[in-house]
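Model the placement of chain Z on the given structure of chain X, informed by the hints.
This is what each chain is made of:
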Amino acid sequence: ETGVTQTPRHLVMGMTNKKSLKCEQHLGHNAMYWYKQSAKKPLELMFVYNFKEQTENNSVPSRFSPECPNSSHLFLHLHTLQPEDSALYLCASSQPPQGEGEQYFGPGTRLTVT
Amino acid sequence: AQSVTQLDSHVSVSEGTPVLLRCNYSSSYSPSLFWYVQHPNKGLQLLLKYTSAATLVKGINGFEAEFKKSETSFHLTKPSAHMSDAAEYFCVVSDPSGGYQKVTFGTGTKLQVIP
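So the sequence lines, in the order shown, correspond to chains X and Z. Going by my numbering, the first sequence opens with residue 1, and the numbers climb by one from there. Going by my numbering, the second sequence opens with residue 1, and the numbers climb by one from there.
Here chain X stands alone, though its shape is the one from the complex (with noise of 0.2 Å):
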């Protein structure tokens, strides 16, 4: 509904699994970003990448992989992950300069680690 789009929307895995996420804006844009929202707390940054390079890394724990193979897609792969990372995922995408710019959000993936 936005230009960006992300699979699945509902994910649920055990500590030991391994899963990706997927996200893929249709915008033209050149930033994307990872974000992690968990009730009663802020939407953390994750990750960001210009121009499919990573710019920012916001101490995010190593279980947590990010890739961008090209301007319009971005991943997140996820292994031995703990309960606390439950949460919702988003994925958004920005024309850089990234202050000058709203960023589009996808509608998130929902993360339950059992």
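Keep in mind that a hint or two might mislead.
What the hints assert, rightly or not - Label-pair ranges, simulated between beta-carbon atoms: (1) Q95(X) with S30(Z): 13 to 23 Å; (2) T17(Z) with A39(X): 24 to 34 Å; (3) S80(Z) with K18(X): 42 to 52 Å; (4) N61(Z) with S38(X): 24 to 34 Å; (5) S62(X) with A53(Z): 35 to 45 Å; (6) N70(X) with P79(Z): 42 to 52 Å; (7) Y29(Z) with R63(X): 26 to 36 Å; (8) S28(Z) with T114(X): 42 to 52 Å; (9) E44(X) with S26(Z): 12 to 22 Å.
To be verified - Calculated pairs, DSS-like style, for lysine-lysine (alpha carbon to alpha carbon, straight line, at most 30 Å): (10) K40(X) with K68(Z); (11) K41(X) with K22(X); (12) K42(Z) with K41(X); (13) K40(X) with K110(Z); (14) K36(X) with K110(Z); (15) K36(X) with K19(X); (16) K49(Z) with K52(X); (17) K69(Z) with K22(X); (18) K41(X) with K58(Z); (19) K36(X) with K42(Z); (20) K40(X) with K19(X); (21) K58(Z) with K110(Z); (22) K36(X) with K49(Z); (23) K49(Z) with K22(X); (24) K42(Z) with K22(X); (25) K42(Z) with K110(Z); (26) K42(Z) with K19(X); (27) K49(Z) with K41(X); (28) K52(X) with K19(X); (29) K40(X) with K18(X); (30) K22(X) with K110(Z); (31) K18(X) with K41(X); (32) K41(X) with K110(Z); (33) K58(Z) with K22(X); (34) K110(Z) with K68(Z); (35) K18(X) with K36(X); (36) K58(Z) with K36(X); (37) K40(X) with K58(Z); (38) K41(X) with K69(Z); (39) K41(X) with K52(X); (40) K22(X) with K68(Z).
In short, the hints are calculated from the structure, not lab data. Every residue gets a Cβ at the ideal spot worked out from N, C-alpha and C, and that includes glycine.
Then chain Z, alone, in the frame of chain X:
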């Protein structure tokens, strides 16, 4: 450093009455400011943005916000609430001086609209 404070975590209004969602910011630069809305199980959608043009900004769905530098505020208003306005609203401050990683989100305000 920059920060944003949403003064109310929950706001409840009756349908047809005005809406006021408060936001104060702190920034060392001339910031860009945004309001986003998030409906349940949806991503964030931009309502409006201020980027150093007119201080009164009009957005979608009848919302508007006024940038007041002297008060470091960017409150969101709507003259008459509609049931479909029930959602969570986020105020965002962005440093336009360059670089990435300069966007700061507020903690959100949940708006309840009572029929």
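Taking the hints in turn, this is what the structure says about them:
1. Q95(X) with S30(Z): 13 to 23 Å: 20 Å, holds
2. T17(Z) with A39(X): 24 to 34 Å: Given a distance of about 28 Å, which is inside 24 to 34 Å, the answer is holds.
3. S80(Z) with K18(X): 42 to 52 Å: 50 Å, holds
4. N61(Z) with S38(X): 24 to 34 Å: Cβ of N61(Z) to Cβ of S38(X): about 27 Å, so the range 24 to 34 Å holds.
5. S62(X) with A53(Z): 35 to 45 Å: Given range 35 to 45 Å: holds, Cβ gap about 43 Å.
6. N70(X) with P79(Z): 42 to 52 Å: 45 Å, holds
7. Y29(Z) with R63(X): 26 to 36 Å: Once the Cβ atoms are compared, 35 Å apart, the range 26 to 36 Å for R63(X) and Y29(Z) holds.
8. S28(Z) with T114(X): 42 to 52 Å: The hint (42 to 52 Å, Cβ to Cβ) holds, given that S28(Z) and T114(X) are roughly 44 Å apart.
9. E44(X) with S26(Z): 12 to 22 Å: 19 Å, holds
10. K40(X) with K68(Z): It holds: about 28 Å lies between the C-alpha atoms, which stays within 30 Å.
11. K41(X) with K22(X): 23 Å, holds
12. K42(Z) with K41(X): 17 Å, holds
13. K40(X) with K110(Z): Holds - the C-alpha atoms of K110(Z) and K40(X) are around 11 Å apart, at most 30 Å.
14. K36(X) with K110(Z): 18 Å, holds
15. K36(X) with K19(X): 16 Å, holds
16. K49(Z) with K52(X): OK: K49(Z) and K52(X) at ~26 Å, within 30 Å.
17. K69(Z) with K22(X): Status violated; Cα separation ~40 Å.
18. K41(X) with K58(Z): Satisfied, since the Cα-Cα distance of roughly 28 Å is no more than 30 Å.
19. K36(X) with K42(Z): Distance ~14 Å between K36(X) and K42(Z) Cα, so the pair holds.
20. K40(X) with K19(X): 26 Å, holds
21. K58(Z) with K110(Z): 21 Å, holds
22. K36(X) with K49(Z): 23 Å, holds
23. K49(Z) with K22(X): Distance of about 28 Å is within 30 Å: holds.
24. K42(Z) with K22(X): Given that 30 Å is the threshold and the Cα spacing comes to 16 Å, the pair holds.
25. K42(Z) with K110(Z): Holds, at roughly 14 Å.
26. K42(Z) with K19(X): 22 Å, holds
27. K49(Z) with K41(X): 23 Å, holds
28. K52(X) with K19(X): Holds - the C-alpha atoms of K19(X) and K52(X) are around 21 Å apart, at most 30 Å.
29. K40(X) with K18(X): Holds, at about 27 Å.
30. K22(X) with K110(Z): Roughly 28 Å between the alpha carbons, so the hint for K22(X) and K110(Z) holds.
31. K18(X) with K41(X): 26 Å, holds
32. K41(X) with K110(Z): Holds, at roughly 13 Å.
33. K58(Z) with K22(X): Distance ~34 Å between K58(Z) and K22(X) Cα, so the pair is violated.
34. K110(Z) with K68(Z): 23 Å, holds
35. K18(X) with K36(X): This hinted pair holds, its Cα atoms lying about 18 Å apart.
36. K58(Z) with K36(X): 29 Å, holds
37. K40(X) with K58(Z): Holds, at about 29 Å.
38. K41(X) with K69(Z): 27 Å, holds
39. K41(X) with K52(X): Holds, at about 29 Å.
40. K22(X) with K68(Z): This hinted pair is violated, its Cα atoms lying about 40 Å apart.
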